[in-house]
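Trainee: Spelled out, the chains give:
There are 2 protein chains.
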Amino acid sequence: MSKKVPYRFYLSEEQIPKEWYNMRADMKEQPDPMLNPTTLKPVTAEDLYPVFCTELAEQELDSTTRYFPIPDEILEFYRMYRPSPLIRAYNLEKALDTPAKIYYKFEGNNTSGSHKLNSAVAQAYYAKKQGLTGLTTETGAGQWGTALAEACAFFKIPLTVYMVKCSYEQKPFRRSVMQTFGAEIVPSPSTTTNAGRAILAENPDTGGSLGCAISEAVEKAVSTEGYRYVLGSVLNQVLLHQSIIGLEARKALEILDEYPDLIIGCAGGGSNLGGLIAPFVQDKLLGKASPRIIAVEPASCPSLTRGRYAYDFCDTGKITPLARMYTLGCQFVPSPNHAGGLRYHGMSPILSKLYHDGYMEAVAVEQTKVFEAATFFAKHETILPAPESAHAIRTAIDEALKCKESGEAKTILFGLTGTGFFDMTAYESYLNKTMTDYIPTDEDLERAFARLPEVPTV
Amino acid sequence: MSKKVPYRFYLSEEQIPKEWYNMRADMKEQPDPMLNPTTLKPVTAEDLYPVFCTELAEQELDSTTRYFPIPDEILEFYRMYRPSPLIRAYNLEKALDTPAKIYYKFEGNNTSGSHKLNSAVAQAYYAKKQGLTGLTTETGAGQWGTALAEACAFFKIPLTVYMVKCSYEQKPFRRSVMQTFGAEIVPSPSTTTNAGRAILAENPDTGGSLGCAISEAVEKAVSTEGYRYVLGSVLNQVLLHQSIIGLEARKALEILDEYPDLIIGCAGGGSNLGGLIAPFVQDKLLGKASPRIIAVEPASCPSLTRGRYAYDFCDTGKITPLARMYTLGCQFVPSPNHAGGLRYHGMSPILSKLYHDGYMEAVAVEQTKVFEAATFFAKHETILPAPESAHAIRTAIDEALKCKESGEAKTILFGLTGTGFFDMTAYESYLNKTMTDYIPTDEDLERAFARLPEVPTV
Numbered sequence: 020m021s022k023k024v025p026y027r028f029y030l031s032e033e034q035i036p037k038e039w040y041n042m043r044a045d046m047k048e049q050p051d052p053m054l055n056p057t058t059l060k061p062v063t064a065e066d067l068y069p070v071f072c073t074e075l076a077e078q079e080l081d082s083t084t085r086y087f088p089i090p091d092e093i094l095e096f097y098r099m100y101r102p103s104p105l106i107r108a109y110n111l112e113k114a115l116d117t118p119a120k121i122y123y124k125f126e127g128n129n130t131s132g133s134h135k136l137n138s139a140v141a142q143a144y145y146a147k148k149q150g151l152t153g154l155t156t157e158t159g160a161g162q163w164g165t166a167l168a169e170a171c172a173f174f175k176i177p178l179t180v181y182m183v184k185c186s187y188e189q190k191p192f193r194r195s196v197m198q199t200f201g202a203e204i205v206p207s208p209s210t211t212t213n214a215g216r217a218i219l220a221e222n223p224d225t226g227g228s229l230g231c232a233i234s235e236a237v238e239k240a241v242s243t244e245g246y247r248y249v250l251g252s253v254l255n256q257v258l259l260h261q262s263i264i265g266l267e268a269r270k271a272l273e274i275l276d277e278y279p280d281l282i283i284g285c286a287g288g289g290s291n292l293g294g295l296i297a298p299f300v301q302d303k304l305l306g307k308a309s310p311r312i313i314a315v316e317p318a319s320c321p322s323l324t325r326g327r328y329a330y331d332f333c334d335t336g337k338i339t340p341l342a343r344m345y346t347l348g349c350q351f352v353p354s355p356n357h358a359g360g361l362r363y364h365g366m367s368p369i370l371s372k373l374y375h376d377g378y379m380e381a382v383a384v385e386q387t388k389v390f391e392a393a394t395f396f397a398k399h400e401t402i403l404p405a406p407e408s409a410h411a412i413r414t415a416i417d418e419a420l421k422c423k424e425s426g427e428a429k430t431i432l433f434g435l436t437g438t439g440f441f442d443m444t445a446y447e448s449y450l451n452k453t454m455t456d457y458i459p460t461d462e463d464l465e466r467a468f469a470r471l472p473e474v475p476t477v
Numbered sequence: 020m021s022k023k024v025p026y027r028f029y030l031s032e033e034q035i036p037k038e039w040y041n042m043r044a045d046m047k048e049q050p051d052p053m054l055n056p057t058t059l060k061p062v063t064a065e066d067l068y069p070v071f072c073t074e075l076a077e078q079e080l081d082s083t084t085r086y087f088p089i090p091d092e093i094l095e096f097y098r099m100y101r102p103s104p105l106i107r108a109y110n111l112e113k114a115l116d117t118p119a120k121i122y123y124k125f126e127g128n129n130t131s132g133s134h135k136l137n138s139a140v141a142q143a144y145y146a147k148k149q150g151l152t153g154l155t156t157e158t159g160a161g162q163w164g165t166a167l168a169e170a171c172a173f174f175k176i177p178l179t180v181y182m183v184k185c186s187y188e189q190k191p192f193r194r195s196v197m198q199t200f201g202a203e204i205v206p207s208p209s210t211t212t213n214a215g216r217a218i219l220a221e222n223p224d225t226g227g228s229l230g231c232a233i234s235e236a237v238e239k240a241v242s243t244e245g246y247r248y249v250l251g252s253v254l255n256q257v258l259l260h261q262s263i264i265g266l267e268a269r270k271a272l273e274i275l276d277e278y279p280d281l282i283i284g285c286a287g288g289g290s291n292l293g294g295l296i297a298p299f300v301q302d303k304l305l306g307k308a309s310p311r312i313i314a315v316e317p318a319s320c321p322s323l324t325r326g327r328y329a330y331d332f333c334d335t336g337k338i339t340p341l342a343r344m345y346t347l348g349c350q351f352v353p354s355p356n357h358a359g360g361l362r363y364h365g366m367s368p369i370l371s372k373l374y375h376d377g378y379m380e381a382v383a384v385e386q387t388k389v390f391e392a393a394t395f396f397a398k399h400e401t402i403l404p405a406p407e408s409a410h411a412i413r414t415a416i417d418e419a420l421k422c423k424e425s426g427e428a429k430t431i432l433f434g435l436t437g438t439g440f441f442d443m444t445a446y447e448s449y450l451n452k453t454m455t456d457y458i459p460t461d462e463d464l465e466r467a468f469a470r471l472p473e474v475p476t477v
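For the protein sequence lines, the chains are A and B, in the order given. When the letters of the first sequence are read in order and numbered with our numbering, they come out as residues 20 to 477. When the letters of the second sequence are read in order and numbered with our numbering, they come out as residues 20 to 477.
What the hints contain is simulated information worked out from the structure, not anything from laboratory work. Because the structure is a prediction, the values reported are computed rather than measured. Among these hints, one or two may not hold up.
Copies of the same chain look alike in the list, so a pair counts if it works inside one copy or between any two.
Below 25 Å or equal to it, Euclidean Cα-Cα: the simulated PhoX-like pairs (lysine-lysine) are [what the hints assert, rightly or not]: (1) K307 with K429; (2) K23 with K270; (3) K388 with K113; (4) K303 with K60; (5) K337 with K113; (6) K303 with K23; (7) K37 with K113; (8) K175 with K148; (9) K37 with K429; (10) K303 with K47; (11) K23 with K37; (12) K147 with K113; (13) K23 with K423.
Please put together the full structure from these sequences, using the hints given.
Mentor: Okay, structure coming up:
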């Protein structure tokens, strides 16, 4: 018998986890190592130091430390917006008439509007601690850039953000928020880097891509004294920081005498999903529990469901290390009609490995169905979700409806990563029915796969 | 000795107040009654029924019931986003190097982005209960319209929102949010009402005003079968619903062994300020405590600090009852360079009376100083405030700096009514230094006062 569950459950400040959890420490098989693209040998910390902050480079390569203590300065920032609420979706359940119990961990109640702040705070702090003079990054939908701008303003570090050009144009106010926090914003591809100029030469009208913006941000960082590059997803270090989402969620559920049968998260590069599922994956790896885990990706950018598990560059300009991951090819750019984020060509190597080894499932959903779910959710739960988050809502609703058919009272947990206040252009196109769906053809994907680097995998 | 105070303090769900508090029940002298504009006699419930929902009309006129039980259906909605956090501004205190302890009650963590939802939920519920077929309202900055659209979507009631035209144009995404929740949005003044047509005939290029949008919404409501009009501020019923802000704040402070020396809130029509201060005013009226209370208004729309305490219409079209309040005259329209809300010509009759009787002070601040405070606050507290809320921040900072000078460790409580995600046009104009200040001249005000209706006051 479960306890009476409030609508919104908050842990106390003292209950905020004081350590991040590193899934790799419990994985029986490790993800394949990142490779130096010149030597094709596994990258070393020394390879990474020119690009990343020292401590972050070390976190990136550390597959054995199970728990990393969260520094006090980061905890202090976390306390300004955490713990995030675990919400029981009573009104959504009622509207769906489902016996399922639906919970969501809501990460949107901070000014960045998403979970991205969890890693931004950590990365800005380590940069400050190292005495760096500036940071560069890229942003797609704008959530990561906003989060990092907030964190850099707090720790007083200059920040340059390369913003994917089509987002820059679709979301002028995202730019203004970052500028309010003092960041410099450059639409990407730009003429300020070799990578940007090369991409513009090949395709002058491109709306940009995350992979391209990454190339520019990395180039700017390594060519500027005292600067380093930071990334909001994909990397092991990011999943480490984001584990706070899952750790809080598991602790809250424990207090409520609950455990999820099903955990659902949207997946672009994997930062939210990897964070949400981390402690539950641990339970699975240690044989303590066996929840189903579902990654939800856009049908227009289906790296897990239709990509190759292969070594690929993390960026379009091919200046980053190679990572073995599910990928659509680093040249893949989702159709311009794709709204919102989740537009990265690859997937976190850790999540790719978990998926490959059967610890996780994946589904791809079309965006009109996603916005249908978003609007339905908003009307019943009163939160306007980010399009990214609405991918998880779509699948949570679908699973709850299956429970209605089967009569099973499953416990569903999904990640509501953020709010949609800056995505109203996309909502408008859904409302006035000009939004369309796009699914790449097999030929599209074959063309992209043909350009994958040739790297032997075991 | 105070307890260790967390950054964010949440009451538990069970601690959400179950009654609203009505300040009038404890006021020694009552605000002057609203008058029927034709007879100049005090309005009766019957006068109000064609315009307002029955129960809301009764709440409006009830000056004796001290506590109103909050219906379960409303409490259920409140639980989806309340209690709101009471936040200790540790980082702002540090940045200001002040001995003051600064607390703020943050009402922006819901999709409407502001405290307006507290009354919207109540008003939509009573409309549903009465079996009404639709509601009309007006919105200025858009917070009230968004809140009401959310509430009406939940209770399944059609809603038409007259949106002040200059806001409609400055904030296209506000409109989309309301539409996502299913509301119909009409820019005001419009050609759909007699009031709108008359105002357009006199001034075709007007950007509109709250007073004008009220006229249109009231006209539409009384001329449509089964419709009623609802208002997000000024009215007694709204202050009643908003008392939940102050009741939660006082309870939270009590648990933390704190009591404010100083309570600061922004004031447009008075809904947030009236709600925040309600239980503290009770303490003052009953002689239990004597906190200073400061209303902060824009220098460009200074109803308390420079207005007349006189009978005036609540709308520009002169179709509403007359209310005795501090007013700039119902024809007053703030300068178009005024960003954000707080643009109403009058002030809640209850707050006007409290101010008149010396229970409350008032200051007017210029908008560039307000945005300076907003930006400073965002960088240190990580929340991007609404311009309206930033008026309170400005004065809270000024008072904290006075504490620094005097060495006094005062406890300051202010209302952070909402977030600024839809106000980026205004933030942009501040950032690129095109924002200017405007203070009406004495002649401007005299011209407006000359058009006040002639109603004898005692």
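Trainee: Each hint should be assessed against the structure and marked as holding or not.
Mentor: For each hint, the structure was consulted:
1. K307 with K429: within (18 Å within a copy, 52 Å between copies)
2. K23 with K270: Both: 16 Å inside a copy, 23 Å across copies.
3. K388 with K113: The answer is within: 20 Å in one copy meets 25 Å, while 47 Å across copies does not.
4. K303 with K60: neither (31 Å within a copy, 74 Å between copies)
5. K337 with K113: neither (49 Å within a copy, 44 Å between copies)
6. K303 with K23: Result: close neither inside a copy nor across copies, 27 Å intra and 38 Å inter.
7. K37 with K113: between (36 Å within a copy, 24 Å between copies)
8. K175 with K148: Close inside one copy (11 Å), not across copies (53 Å); limit 25 Å.
9. K37 with K429: neither (31 Å within a copy, 32 Å between copies)
10. K303 with K47: within (11 Å within a copy, 66 Å between copies)
11. K23 with K37: Answer is between: at 18 Å across copies they meet the 25 Å cutoff, but 27 Å inside does not.
12. K147 with K113: between (48 Å within a copy, 19 Å between copies)
13. K23 with K423: within (22 Å within a copy, 47 Å between copies)
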